[in-house]
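Peer 1: Residue numbers (this note's numbering), protein chains in the order written: chain L, 347 to 460; chain G, 20 to 131.
Everything labelled a hint here was simulated from the structure, so no lab data went into it.
Ideal Cβ positions, reconstructed from N, Cα and C, are used throughout, including at glycine.
This list has only true hints and no planted wrong ones.
Using 25 angstroms as the maximum straight-line C-alpha spacing, the simulated DMTMM-like pairs for lysine to aspartate or glutamate come out as follows: (1) 455(L) - 366(L); (2) 395(L) - 114(G); (3) 407(L) - 431(L); (4) 455(L) - 119(G); (5) 447(L) - 49(G); (6) 28(G) - 49(G).
Simulated restraints, written as ranges between beta carbons of each label pair: (7) 373(L) - 49(G): 21 to 27 angstroms; (8) 412(L) - 31(G): 42 to 48 angstroms; (9) 26(G) - 351(L): 32 to 38 angstroms; (10) 417(L) - 29(G): 40 to 46 angstroms; (11) 418(L) - 59(G): 18 to 24 angstroms; (12) 397(L) - 28(G): 31 to 37 angstroms.
Here is how the chains run, residue by residue.
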Amino acid sequence: AQSVTQPDIHITVSEGASLELRCNYSYGATPYLFWYVQSPGQGLQLLLKYFSGDTLVQGIKGFEAEFKRSQSSFNLRKPSVHWSDAAEYFCAAPYPGGYQKVTFGTGTKLQVIP
Amino acid sequence: NAGVTQTPKFQVLKTGQSMTLQCAQDMNHEYMSWYRQDPGMGLRLIHYSVGAGITDQGEVPNGYNVSRSTTEDFPLRLLSAAPSQTSVYFCASLDSGAVEAFFGQGTRLTVV
Chain L
347 AQSVTQPDIH ITVSEGASLE LRCNYSYGAT PYLFWYVQSP GQGLQLLLKY
397 FSGDTLVQGI KGFEAEFKRS QSSFNLRKPS VHWSDAAEYF CAAPYPGGYQ
447 KVTFGTGTKL QVIP
Chain G
20 NAGVTQTPKF QVLKTGQSMT LQCAQDMNHE YMSWYRQDPG MGLRLIHYSV
70 GAGITDQGEV PNGYNVSRST TEDFPLRLLS AAPSQTSVYF CASLDSGAVE
120 AFFGQGTRLT VV
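Generate the whole structure from the sequences, applying the supplied hints.
Peer 2: Right under this line is the structure:
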């Protein structure tokens with residue numbers, strides 16, 4: 347069965363520092379991959395998505411992610427973190443052949459310290 | 020544009036009670052889903068629908084029923100609430116073209 351894995355449950359970074367959140371996937375074919383963000387008490391919002399083509403994907407709020415087939419990874423990055431980026435981040439992918447179903451990783455909670 | 024609207028936002032139930040969580044979307048999306056979110060477990064799919072009159076089970080369907088009589092509405096029913104159903108529930112509708120899910124604000128349910 348396909349899945350996405352986020353190995354880091356919690357990450358703390360200083361404001362202004364760079365950020366990388368890890369996501370690994372297990373799929374046979376090239377997957378579609380997503381990153382969503384959830385602010386406290388809110389629903390999820392799409393940050394960016396990868397379908398095919400350029401492996402470096404730009405998203406909203408200054409985030410980017412790079413698809414690396416050789417490492418089965420789709421890590422989320424931001425060069426300089428702002429306090430407002432504190433949230434929980436989810437990597438996700440639809441089931442192959444069935445975009446009506448999306449499977450999510452367990453999430454990484456980001457804390458930003460001054 | 021309201022997007023995906025969930026009601027209620029908070030609910031406390033006693034074990035054995037029934038209730039319906041409401042979800043409505045105004046984006047004319049064919050696909051809709053219900054997830055539950057529990058600490059350390061991410062979001063798990065309960066049920067989903069690919070159009071009016073068509074529903075199917077997700078990962079954790081036991082204890083929940085759904086129906087889809089219109090494109091806009093996708094209610095989730097708990098027939099006999101159990102403490103294990105204490106969770107935050109999210110409804111989502113999916114733009115099948117963009118393959119982007121739009122989420123409601125969630126319903127925090129506590130079963131005592």
